[in-house]
Amino acid sequence: MQVVRYGLLFILIFYFSFILLAPKRELYHLFEKEIYKSGIIIDGEDVEETPIGVKLMHPTIIYEGAKIAKAKEIKIITMIFYSRIEIEDIEDDSAIKNFFPVIPKTVIISYNLIKPTVLNIRLLGNFGYAQGYYDLKNYKLHLNFGKDDNISNIKRYLKKSENGWYYEERF
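Okay, so the sequence shown: first residue is 231 according to the working numbering, each after it adds one.
These are computed hints drawn from the structure, not numbers from a lab.
Be aware that one or more of the hints could be misleading.
Said to hold, decoys possible - List time: in silico DSS-like cross-link candidates among lysine-lysine, alpha-carbon distance up to 30 angstroms: (1) Lys-385 - Lys-297; (2) Lys-367 - Lys-389; (3) Lys-390 - Lys-367; (4) Lys-285 - Lys-267; (5) Lys-377 - Lys-263; (6) Lys-345 - Lys-370; (7) Lys-335 - Lys-377.
Produce the complete structure using the sequences and hints provided.
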């Protein structure tokens with residue numbers, strides 16, 4: 231019994247040491263190179279390390295050469311088995327409003343190693359709250375909107391179900 235207890239203690243100490251001592255800034259730059267392949271650029275950010283991730287202050291998000299948004303802060307948290315990206319206080323660019331009627335103010339994307347092909351997504355904005363997922367295997371985005379949310383200006387993009395309004399797209 232003592233061996234099992236010491237073994238678990240050793241694993242926990244190793245896990246937390248790895249998280250705390252991991253080169254977070256270098257992991258962020260590796261992440262930045264990977265999203266660049268998809269046409270996404272994070273520009274003008276001040277990178278600040280935290281004990282469990284990195285914090286990007288005042289970044290500008292560019293997609294395929296077009297400035298999409300500027301955020302107050304992006305937090306990237308990684309714990310090996312679970313990762314999370316929080317984009318807070320998004321200021322939408324006036325040029326992008328022609329394509330997207332509403333821009334969320336907060337976006338939270340999380341990844342869990344238990345479901346490796348699914349990204350969980352939560353959005354918060356003037357339209358209310360949306361929660362859903364992006365299936366990496368089938369390239370499917372699914373977002374459920376609350377029943378009482380202010381979605382009148384985006385209803386033409388949504389579908390109705392017995393549980394409320396939802397958005398679904400494959401790309």
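Hint check:
no., hint, result
1, Lys-385 - Lys-297, "25 angstroms, holds"
2, Lys-367 - Lys-389, "23 angstroms, holds"
3, Lys-390 - Lys-367, "25 angstroms, holds"
4, Lys-285 - Lys-267, "22 angstroms, holds"
5, Lys-377 - Lys-263, "39 angstroms, violated"
6, Lys-345 - Lys-370, "15 angstroms, holds"
7, Lys-335 - Lys-377, "19 angstroms, holds"
The earlier numbered hint that this structure contradicts is number 5, and it is the only one.
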